[in-house]
Every structure is written in C-alpha cells, then in structure tokens.
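Q: Read off the chains here:
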Amino acid sequence: MGALSIRNVKKSYGDTHILKGIDIEIDKGQFLILVGPSGCGKSTLLNMIAGLDDITSGEIAIGERVVNKLSPKDRDIAMVFQSYALYPNMTVRKNIAFGLDIRKVPKAEQDEIIGRVAKTLQIEHLLDRKPQQLSGGQRQRVAMGRALARNPSLFLFDEPLSNLDAKLRVEVRSEIKQLHQRLGTTIVYVTHDQIEAMTLGDRIAVMKDGEVKQFGTPQQIYDEPANMYVAGFIGSPPMNFIPCTLAEIDGRAAVTVDSGSGSHTLRLGPLSEAQRAFVGKSIVLGIRPEQLTDPASAHSDNPDLQEFDAIAEILEPTGPDTLVTLKLNGARAVARCHPSMALHTGVKMHLALDPSKAVMFDPATENRLA
Amino acid sequence: MADRNFSVGRTLIYAALVLMAVWYLAPLYVMLTTSLKSLDEIHSGNLLSLPHHFSLDAWFDAWGTDCVGSEDCTGAGMKGYFVNSLKMMVPAVLISTLIGAFNGYILSMWRFKGSDTFFMALLIGTFLPFQVVILPMAQVLAKLGIENSTGRLVLVHVVYGLQFTTLFFRNYYVTVPGELVKAARIDGAGFFRIFFKILLPLSIPTIMVCLIWQVTQIWNDFLFGVVFSSGEAQPITVGLNNLVNTSTGVKHYNVDMAAAIIAAIPTLFVYAVGSKYFVRGLTAGAVKG
Amino acid sequence: MTAQRQGAPGSTFNRLADIVLPKFVIAPTVIACLVGFYGFIAWTAWLSFTNSHMLPNYDWDGIARYQQLFEDERWWHSMQNLGVFGVLFIGISLGLGLLMAILLDQKIRGEGFLRTIYLYPMALSFIVTGTAWRWMLDPGFGLEKLVHDLGWTSFSFDWIVDPDKAIYTVVLAGVWQSSGFVMALFLAGLRGIDDSIIKAAQIDGASLPTIYARIIIPSLRPVFLSAFMILAHIAVKSFDLVMALTGGGPGFATDLPSIYMYQHSFTRNQLGLGAASAMMMLFTACAVVMPLLYSELRRDKRG
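Keeping their order, the protein sequence lines are chains X, E and C. Numbering-wise, our numbering puts 782 at position 246 of the first sequence, and it's gapless, one number per residue. Numbering-wise, our numbering puts 295 at position 240 of the second sequence, and it's gapless, one number per residue. Numbering-wise, our numbering puts 453 at position 291 of the third sequence, and it's gapless, one number per residue.
No false leads were mixed into what you were given.
Taking lysine-lysine pairs in the DSS-like style, the calculated list, with each CA pair at most 30 Å apart, reads:
hint: 1; chain 1: E; residue 1: K252; chain 2: E; residue 2: K168
hint: 2; chain 1: X; residue 1: K655; chain 2: E; residue 2: K252
hint: 3; chain 1: C; residue 1: K269; chain 2: E; residue 2: K331
Pair by pair, the computed Cβ-Cβ distance ranges are:
hint: 4; chain 1: X; residue 1: S797; chain 2: C; residue 2: R460; range: 53 to 61 Å
hint: 5; chain 1: C; residue 1: W208; chain 2: E; residue 2: L199; range: 16 to 24 Å
hint: 6; chain 1: E; residue 1: V73; chain 2: C; residue 2: F186; range: 50 to 58 Å
hint: 7; chain 1: X; residue 1: P573; chain 2: C; residue 2: C448; range: 43 to 51 Å
hint: 8; chain 1: X; residue 1: N903; chain 2: C; residue 2: R460; range: 42 to 50 Å
hint: 9; chain 1: X; residue 1: P774; chain 2: E; residue 2: F167; range: 38 to 46 Å
hint: 10; chain 1: X; residue 1: N903; chain 2: E; residue 2: F167; range: 36 to 44 Å
hint: 11; chain 1: C; residue 1: R460; chain 2: X; residue 2: A900; range: 38 to 46 Å
hint: 12; chain 1: C; residue 1: R460; chain 2: X; residue 2: S593; range: 35 to 43 Å
hint: 13; chain 1: C; residue 1: L312; chain 2: E; residue 2: V73; range: 13 to 21 Å
Chain X regions said to be covered by chain E (calculated; three or more residues, Cβ under 8 Å):
hint: 14; segment: 604-614
hint: 15; segment: 633-639
Hints are computed from structural coordinates only; laboratory data are not their basis. Just so you know, these numbers come straight off a predicted model, no measurement behind them. The beta carbon of each residue, even a glycine, is placed where N, CA and C say it ideally should be.
Okay, chain X solo, but in the shape it has when bound (with noise of 0.2 Å):
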C-alpha cells in the first residue's frame, strides 16, 4: 500500500499543458523529492497533492483514500512553505493553534501539543512572539512546528528553504532530515536545487517540462541516469558530456578523444546489447568530474585506470579541489583535481580517468544507452 499514489496526473490550462502524465507512488515514512527548474510543473503537483489546485485528469491517493474531490482541509495534509505564510497577527502559539482550533480540538490537548511540537523544535521560547520578531530560521521553525502540531499523513515541503541564506540552509536542512528520521512522516518535497534532493530524499523525481524524467534513489539517479537531462541536472560540477564514435576493441568499448595535445583512445566497460548497436556511430559519453583526476589521487590500483594528457584551460581553486576546464573532442569537460598539483593554464598536464562510471547516450534521443 502506498502513503501516496499518484497516478496518471494531468494538469492543462485551456491548450496549455502544465503535467502531462505523472506516475509516482511512493510507501509510508519514505521522503519523496520533487525537483527540477522552474516551471517544470512540481510546485503546480505539490499544489495538487495539497488541494489547492484542480486535477484536470487522473487520481491521487492518499492512504487507500482518492482525495481528488478533497478539499485541503479533509486530506489530512500539512504544508510548509517557502515563505512560511505564518499569520501577521498572531503569536507564535496562535498561529499553531489556528489549525487547532478549526478542529475543535480541546484546549488542554492543544497546550500539550503546542509544548511537545515547541520542545522537538526548540522554540519553546518563541511561543509568545509575532512573526515580525522571528528570524528567518526561526519562522522557518515556526511553520514546521505548526505543520508538526497538525500530525497529518502527509507533510508537503515547497521550496522551504530558498529564501534561507546559505549557512542556515545547510542547518535547517540537517534539522528536516533528522525530524524524518526521528518521526518517521511521509514527505513531499520540492526544491530546485540538486543538493537538497540528493541529501533529503529517498526517492527523487526529476522533472522537466510536466514530465517525470525519472524515478528512484538518489543514487541510481546519479550513477544510472536515464537521459542526458537528468545526467546534468544531478551533480555539481554537472558530468561531461563528450561527443565521439563509438568503437569495439576485444568486446569493449573504445572512443578516441582529442584532449588538444594530441588524440587518445579510452578503453571503456563491455559492451551491452544496445550500445553494440552503436558501434561506428556518434554517442555522448558521460564523465563526471570526479572520474577525471589526476593521477597520483586515482585509486591506482583499479586496473581499468587510463591515462592521458590534455591542456588546461581554465582553473578553479575550489579548497579541497582544483576544477580544470580542459577540451575534449571540442567539448568543455571539468576535471577534479588535487589541489596542491602545481598546475598552470595552458600547459600540457597528465590524467587519469576512471571508465567505471561512465555512461553513454544516444545523441538524437538523449537516453542512455544501458
């Protein structure tokens, strides 16, 4: 039994499609993250696993219950928003009292849940404040804590974060992962930022264009992405994408590389069905910059290890890394390399490239060739 269902979502304005068909279901207490670029359709989803949108076609489930014809306040939801939306006028204890109230939950159960929901997030102390007095992460804090007080199903997270600066980001985004840990809620998140996917989530749906590009955990997202999309959405720096021509030497796969000092030929895993049928034609490999390094950091153990040299264009002192931009087949690709490599831009280096991980696209539909 999944906590939600959704199935076969669609949501158009007139002629304008905004979902054209999402499929997602996930189980009780699994933490699901909605995430892609703006106006690829996860916040109107989120709007309407909430209520506060219509459904233009298919089902949504919550539990064993359809909720279509549900308003927001018979789903037994709770939602925590990028702007906290905390009631102007009312306390901090009001405001998470509101939600209360309209239930006719009875007073003292209301100070006893007000205390616990106060303690678990520590603002005990801000209980008689308005949220004109509050910080940003105390708002933040707040609304999570008037979202607690409700006990709902399902908590529905959008973009809580974003308005947040960079230090308290990382804080409060610690704080939310471990509430789920301790709680065990089911959760719908929304974020445009990878990072956050990729540390909240256990499953993901990247989407683009009111479409699920794809579906699973954050690590079969990153080391199994399903299209060149996804492969550069995930990750930061994001993978290298490198034209070239797929060739077969002694049943593996083989691409030559032009690194501008000269053209080398990587010997890459074997060859599966669908990318043998590629062999003489173009594909898109895949590098992530953490395959690319020097190689004194490579594991060098790892018998699949190539070599090659290339000239560094560009570099990045990042502090535990230095990003080089080098040219590969004309295409940028970034290598991470160790900082403390004497490097000078221009100047030939030698690297290492670890084959392991790197997956191959078709170039005319963008999937990966698996």
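Fit chains E and C to the given chain X structure using the hints.
A: Positioned in the frame of chain X, the structure of chains E and C alone reads:
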C-alpha cells in the same frame, strides 16, 4: 543635491514655495474673514481686511432657519442639509467599504474564470462621466419605488463607489502573499474565516484610505445630489449652491461664506486627521493602468 | 490524536463552498456593474435614438437627436469651451504640479507642512471652491477692489463677467483645486526614481538642469499619463465647479457639455437630446483616454 546652505537658488525656491502656499490659503482666509464681517464692513472694506467687529451673526444665519441679527436674513438652514448629507454619507461609506473589501479579497485570493476580466470592466467604469448613467438610474429608482431621497442617494453612491473601494482593496490584497491563504486553507479555514481572522486585521491602513476617500467623494458630490434628491432632503452641496445662486435681493456674502465653510468642515476635518491616508488613496487610485 | 485524522463527512461540502462562496459574494457587485454601468450606457444610448421629451418614449427615431445636437450652436460653443478649459486646465495643472514637486523634492524644511497646504483643496467640494472663487473674483468687491484699495486704481479684473474671459476663471479655480494632487503624484514619482541612475549621471558630469531634463522627467512618463487621465476625466465631468462659479454664464460664456446635458434633460424636458449629449460626453472621454491607454499598453508589450 543636498547641501542645505543658503544660496540664492535655495532662497528663490523657498520664496516660490511660500508664494504658492499663500495662493492656496488665500481663499480659506477670505472665506473666514468675510464670514465674520457685517455686510457694511464687506461693502466698505476689501478681501484682505480683517473684521473690525467679529460677528458670528452670519454663522447663525447660515446654520439655522431662524434669523439673528439686524439685517434681512436668509434663513439658509444649512443645518438641515448638513444632516441630510450625514444621513446619506455614513451608510453609503460603510456599505461600499465593506463590499469593496470582500470584492478585493475575492479578486486577489479567490480568482476564478472571468474574474480578472470583470475587474478590468469595473476599472473602465472609473473613467465614465456619470452623465451617461443618470437618466436610466432615475428611471430605475422611480420604478423601484424608492421615494426617500436619502435612500436613493445611498443606493447610487454605493453602486458607483464600488469601483473605487474594490480597487483599493484589491490592489492591497495582491501584495499579500497568496501562501498565507493557502496555509490557512490547509489548516482548515474557509472563505469567511480567512477573511475575518487573517486578512482583515492586516487591512487597517487600506480601510482608512478607503473610508477617507469615500467620505470625501460622497460628501462633496453634487451631480447625484441635484438629480436624485429634492427640496428639503437635498445634501449640503446642493443646498449651498442654491443659497449662493439665489439672485433675489441683497447678496449676503458673509452668510454665503459661512455656509461654504460649514459645507467644507467635515471633509477638511477628515483631511486634517488622515492626510497621509488621503494621499495614499489619491496615489493608489491613480496607479491604475 | 485520532480526532485529527478523520476526513470524510462534510468534505464535498467544504470543497463546493470554497468554489461557490466567492462567486456568490461578488455577484451583487457584478450585477451592479453590468447593469449600472454597461446596461445604463446602453439604455442612455437607446434614449439618444428616441424622441423623448419629458418622459422616455422608446420608439426608434434614428439619429435625429444627434442631428439636432450638431445643429445647435450652443452645443458647439460648449464643446469649444470644454476644449479651451480642458487644454488649459490640464496643461497648467501638469506644469504647476511638476514644478512644485521638483521644488519640494529639494530637501525642504517643513516639506510635510507645505504638502498639507498644497493638497487640502482636493478635500473640498467643487461647489465650495466655486463659491469661494466667485466671491474672490467678484468685480465689485473682490480682487479688483482689493487692488484698487492698495493703490493701483486703474486695475480691472472683471473676467468673471466678461463673456470672453470668463472661461479662464474656471481654469483658475480648477487649477487651484487640482494642482496639489498632481504635485503629490509627481512627488511620489520623483521619490520612486532609483538614486543610482542619478549618481551615474553626476559621475558622467551632467549638470542638475540636464539631469532633470534628460533623465528624471522622461522617467516620469507613467505619472504624466496617470495625471493626464485623471485631469481629463475631471475636465470632461466638470459640472459642479462651473455651476457654483459662474452658473454657466455670463450668458453661455462658460457653458459646458455637462451643463447642456443637465439642463436639457431635467429643466427643459428634452430627454432624448440630453441623452444624445451624454453619449457625446462619453465619446469625448473615451477619445481622450483610449489612445493613450492603447499606446502605453503597446509600449509595455514592446519594452
């Protein structure tokens, strides 16, 4: 642009501004002094001369229907008209403000198909010269059988005030984040609860602007007053105009001026008390396009 | 805890209520608007095509009333007056309002006090304004006498009874009432201008008058537009002011379409003609406002 030193330039600027202020205040000064003079003094003196003998006779004359003083009096009876205006203004202002608040709430937070088009249609109404609706309105009022002048004026002022009151509230509510209403709906609040418990407490400045605007517009109106009311039941603007335009007999300038000031006092008072809201109302109403 | 988890009873009602209530509550206003504005305009239009006199008569009479209107010299004279009044009233109010706003923007001490004085005339009824200025411009006892008393005995200011000059007195009183409002609009506009643009111009070496002329005033374009539309609206509707100031006289010297309409509809029992003149007033208002709105909308779409 900010040195506050006293150069020739700045002196000129101040001089110009003060001159303008004098120009604006002159009529008020003239009205006041004239109303406190006797007719003889008016004939012998000029606009600027102060009254030698301060006399409130003209005021009593203007206000009531009984006459005070040695001169032929006019029995102007501004008191009656003042009360008429009051009886009409208070309900009209309150009703149009309340309905406008609900309308603004709906047009910003509960939009539905056609609501934005409707808002545009309402907005276009603010450009109409009322001459183009008064003839049918007179017919409708007669058919509805509303004989009472005050009732007619209240109805007319509410109908034609809704465009502004709705505009004020809608323009304010669109600045309130929609997520506030979403959060309330998820908490379980319905249409009315959200309005009364969450939005209305936030709306105090807009309510002030709306009240002040409506009081000014309705109290100062003349066209509706002169078309839809008659005789003793007319509002003060009509009463004043009648008084001032009577061509029979001696012109009692002092009474005219006193009557004019009486007519002006309520809106001047509202202005004095709430001028910042007044300005907000004017500029908000102006930023329509 | 379980009390919070129930859902079903009354749930369809809640959803329906959220859909139906807003429409229900706004319905009266929708009706009032459709009937009271558009319906009545159509009604007036119909009347203008009939031969109604004291009571409405709904038989179609073609454009006879309009013909009658266009043949009436008084009507053309009133339109002409409206033109003269409109152009002067709008032009001077805009100019004066802008000037005062610029002056007030120069970090003046007592700015709030001055603003209050400039704006109070807007709180007055046009009837009060008309009455006050009628007195002040009275040929026997007003401005003329004052100047005589001050020594300049040959000064004459009988504009208010001079058929050629009376319309200018209406302009004077109108500007007095409305320029403060225009000033408030421009002041708000000036204050809304991004400081950094001005600083950039100063670094570029522009002098203050140049900055005003080439940067600030052009960026006030939307304010000009708003002020213009409101002033135009006031001008076309002008009825109260003229009634109190001159009564439309001397003779028909300050006659305006609004007075023409009122008198023919209500005192002369010529409803059809009055309706026709009202429709013409509507067309005039639209003719002035629509092109501006249109050009501004197009400008927004482009820019």
